[in-house]
Amino acid sequence: MNDRNKGLTLEKKKNLIGWGFLLPAALLICWMSFYPMIQAFILSLKSGIGVNLKFNGFRNYARILKDPTFRQTLFNTFFYLILQVPIMLVLALALASMLNNKDLKFKGLFRTAIFLPCATSLVSYSMIFRAMFANDGLINTVLKRFGASPVGWFSNAWTARIIIVIALIWRWTGYNMVFYLSGLQNIEYSVYEAARIDGASPIQSFFKITVPLLKPTILLTAIMSTNGTLQLFDESINLTKGGPGKSTMTLSHYIYNTSFVQTPKFGYAAAMSIIILIMVAVLAFVQMKVGDKR
Amino acid sequence: MKNKIITVALLTAMAVSLTSCGNGNSGSSGATRGAAEDDNTLNVWCWDPNFNIYAMKKAAEIYAEDHEGFKVNVTEVQSEDIETKLTTYMSSNELDLLPDIFLMQDNSFQKYASNYPDIFTDLTDSGIDFSQFAEAKTAYSTIDGRHLGVPFDNATVINAMRTDLLEQAGYTLDDFTDITWSDYLEKAKDVKEKTGLPMLTLQAGSPDIIMMMLQSCGQSLFKKDGSVNIKGNKVLKQSMEIYAQMVKDGTLREVTDNDQYIGSLNNGSVVSTINGCWIMASIIDQEDQAGSWELTTMPRLDAEDASNHSNNGGSSWAVTSNCKNKKLAYDFFNETFAGSTDLYDDIIQKGAVATWAPAGETDAYAEESDFFSGQKVNSMLIDYGTQTPSNYTGPFYYDARDAIGVALSNVTQQGSDLDSEIDTAQETAEFNMEG
Chain V
1 MNDRNKGLTL EKKKNLIGWG FLLPAALLIC WMSFYPMIQA FILSLKSGIG
51 VNLKFNGFRN YARILKDPTF RQTLFNTFFY LILQVPIMLV LALALASMLN
101 NKDLKFKGLF RTAIFLPCAT SLVSYSMIFR AMFANDGLIN TVLKRFGASP
151 VGWFSNAWTA RIIIVIALIW RWTGYNMVFY LSGLQNIEYS VYEAARIDGA
201 SPIQSFFKIT VPLLKPTILL TAIMSTNGTL QLFDESINLT KGGPGKSTMT
251 LSHYIYNTSF VQTPKFGYAA AMSIIILIMV AVLAFVQMKV GDKR
Chain W
1 MKNKIITVAL LTAMAVSLTS CGNGNSGSSG ATRGAAEDDN TLNVWCWDPN
51 FNIYAMKKAA EIYAEDHEGF KVNVTEVQSE DIETKLTTYM SSNELDLLPD
101 IFLMQDNSFQ KYASNYPDIF TDLTDSGIDF SQFAEAKTAY STIDGRHLGV
151 PFDNATVINA MRTDLLEQAG YTLDDFTDIT WSDYLEKAKD VKEKTGLPML
201 TLQAGSPDII MMMLQSCGQS LFKKDGSVNI KGNKVLKQSM EIYAQMVKDG
251 TLREVTDNDQ YIGSLNNGSV VSTINGCWIM ASIIDQEDQA GSWELTTMPR
301 LDAEDASNHS NNGGSSWAVT SNCKNKKLAY DFFNETFAGS TDLYDDIIQK
351 GAVATWAPAG ETDAYAEESD FFSGQKVNSM LIDYGTQTPS NYTGPFYYDA
401 RDAIGVALSN VTQQGSDLDS EIDTAQETAE FNMEG
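So the sequence lines, in the order shown, correspond to chains V and W. Position one of the first sequence corresponds to residue 1 (my numbering), numbered consecutively onward. Position one of the second sequence corresponds to residue 1 (my numbering), numbered consecutively onward.
The shape of chain V in the complex, shown without the other chains:
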C-alpha cells in the first residue's frame, strides 16, 4: 500500500484530488443535463401525436425549415437578442463603474435599488408591465395628460416588441451589474490613480483599463445573456401572450405551445429545442473566440 502511494508523484496526487473534487459536480451535470439532452435528441427523431411516437429520421428537422411560425419566432427571438443584450450590457457596465466610485455616498442603497428588479418574480413584473402599457394604463394616461394621443402598445407588433425589450432591460440590468461590480473589485485602485497622474481622462481610463481588465466578466455575462434571451419564455407568455398574432412570440413559447397548448407534438418540440441548443453553443463559441484573445 505504501509502495503504491510512493508510486504517485506529488503532482499526480494533487491532480487526483482535484479531479476528486470535480467528480460530484461532473456526475450531477451528466445525470441532470447531458442525459436529458441525449433523450431529447432521441425524441426529436420521432414524430406522432401524443404518445404514439414513431422514429422518422430527420423529418422533424426538415419540417422546421418549412414552418412559417418557426421563422417568425426565430426572428422575434433574434430581434430581442440583438437589440436588448448590447443595450443591457453597456448600461450595466456604465452603472457598475459609476457605483464603483470611491467617493459616492449611499452606494449600498443604489446598488440594492438597481439589483432589486431582479429579485421580483418574472410573472408579477410581466403583469405590472402589461398593466402599465394597457390602453388605459399609466403610460397612456401620462401621454394624454401631456396632450399626446394614447398608443395601443400591444396592438402593434413593433411597439409590443419594444415593450418586451424595455421590460427585459429593466429586469436584468441590475443582475449583470453585480457581476461587473465584483469584477471591478479585483482591479487595483492604484492602476486608476497612476493613469490619472499620467493625465488619462475618466473615459480613457474606462476604455483602456476597466474594459480590458473586465473582459472575462464581460464574456461571461454576454454568454449568459445570449443563452437567457434565446430561451426567453416568461415575458412572451405573460406580458404579450405572443401577440398581436404571433409577432412577439419567442422560440421557447412556441415550443411550449407545440407541446401543451396545441395538439401535443413532442418530437417536433424536441427538435426545435435541439436547434436552440445548437444556436446557443455556436454563439457562445463565437463569443469566446472573439472575446478571449490572450
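These are calculated hints, taken from the structure and not from any lab test. The structure displayed is predicted, hence computed values, not measured ones. All the pointers check out, no bait thrown in.
The calculated BS3-like cross-link candidates involving lysine-lysine, where the alpha carbons are at most 25 Å apart (straight line), are:
| no. | chain 1 | residue 1 | chain 2 | residue 2 |
| --- | --- | --- | --- | --- |
| 1 | V | Lys-144 | W | Lys-248 |
| 2 | V | Lys-46 | W | Lys-85 |
| 3 | V | Lys-144 | W | Lys-194 |
| 4 | V | Lys-54 | W | Lys-85 |
| 5 | W | Lys-192 | V | Lys-144 |
| 6 | W | Lys-248 | W | Lys-234 |
Start from chain V and add chain W according to the hints.
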C-alpha cells in the same frame, strides 16, 4: 485559458441549473396523488373554489346523506394545469398518478379524448341518462358515440345589455332581441353616435366571438370528417367581416387582457357584451348597476341554419381509467349531477346553471332576478341552451383557433387582406395537423 473556459462553462451550467430549479418548484405541491385507496372516497381535480369546487363539495354532501362515510378529496388544480398534468402523465406512462375524477374544459375534451383515450373511462353503460342533458353540451364529451364525460355547467351565450344606455340612444331591449348582425351593426353605429360608447369590448387576438358566431350556425373550424374548414367557409368569412367592420366603426373596442374586459363592463365604458353566461357572475359583482342590465339573445348571421343561440366555454366531469371505485363514481354522478334537483337548486346561487333538463323545472329556476330587472334569468338560459345548435370541435380545436386569432389580429390591426389571411390560417392549421 483552459481553466477560464472551464470556469465559464461551470458557471453557465450552474446558472442554468439554478434557473431550472426555480422553475421546478413552482408546481403545485401537496396535491393528492393518484386515485383514492379506500372504497368510499373519490379524489377529484377541479378549479375555482367559488364555482366548480363548491359544486363538487355540495354534491358530495348530498350523496353522503344516503351513503354514510362517503367523501371526496378535492384538490384545486387550474384547468391549464390539469391539461398539462394529463399530457405529462400520459407521456411518462404514470397513469397511477391520475385522480378518480377531473374536470375538463369542453373545448379541450375532444383533443384529450382522441389523443389520450387511455385516460378516460367510457360512461355510456354506466347508467347515467345522457338524454336528459342538452344535446349541444353532451356533444363535447362524446367521441365515436361513446360518452366520456358528465356535462356540468351551462355556457349558453347571452347578450347582456345596459338598458339605461340603450334608452339614452332611443332603443329598447326588444330592438336587439332575435335580430340579425346586419341590423345589429346599424343600430350599434347609432348607439355609438348618441352615447359615445362602443357596443362591445373584446380581448384583442382572442377569437371567442368568431367561435360563437360559427356555432350559432352549427359550424366550426372543422368539417364533420375532421378536415379543416377555414378556406371557403362562408360563415367564418362573414363573421370576420362583421368583426373587422365593427372595429372600423368604433363599435367594438379591443382591450389588452381579461382584467380590462371585465373592468369595461363594471365601469360603464361599454353598452353590452356577448359571452357565455358565466360572465353574469362578473356583471353581478358591480352591485350598484343592479337594474340597468338585462339579457337577450345574440344576433344571428345571414346564413343557412343560422340561430340566435350559441355556446362559449363550460366544462364536463370525466372519470379516469385509474379510478378503482368505478361503480361508486357512476352511482355518485347518477344521484348528483345527473339526478339531484337539490344540487342544482343550491349551486344556482353561484351562477352554475344546469344543462340537465329536469333541473330547469324547479322553483329555483323560475325565480325572478332582482339584478336583471325581474327577468327569469335561469329559465331563460335553459331555454336558450336547448335551442343551441351543436357542432364538432375536433381534437385540433386549439390549432385552428390560434390560426384564426392570428388572422383576425392581422386584419384588424395591420389592415391585411381578409382572403389571404384566411388562406394562411388554413395552411397553418393544416401544417399543425400533419404532426
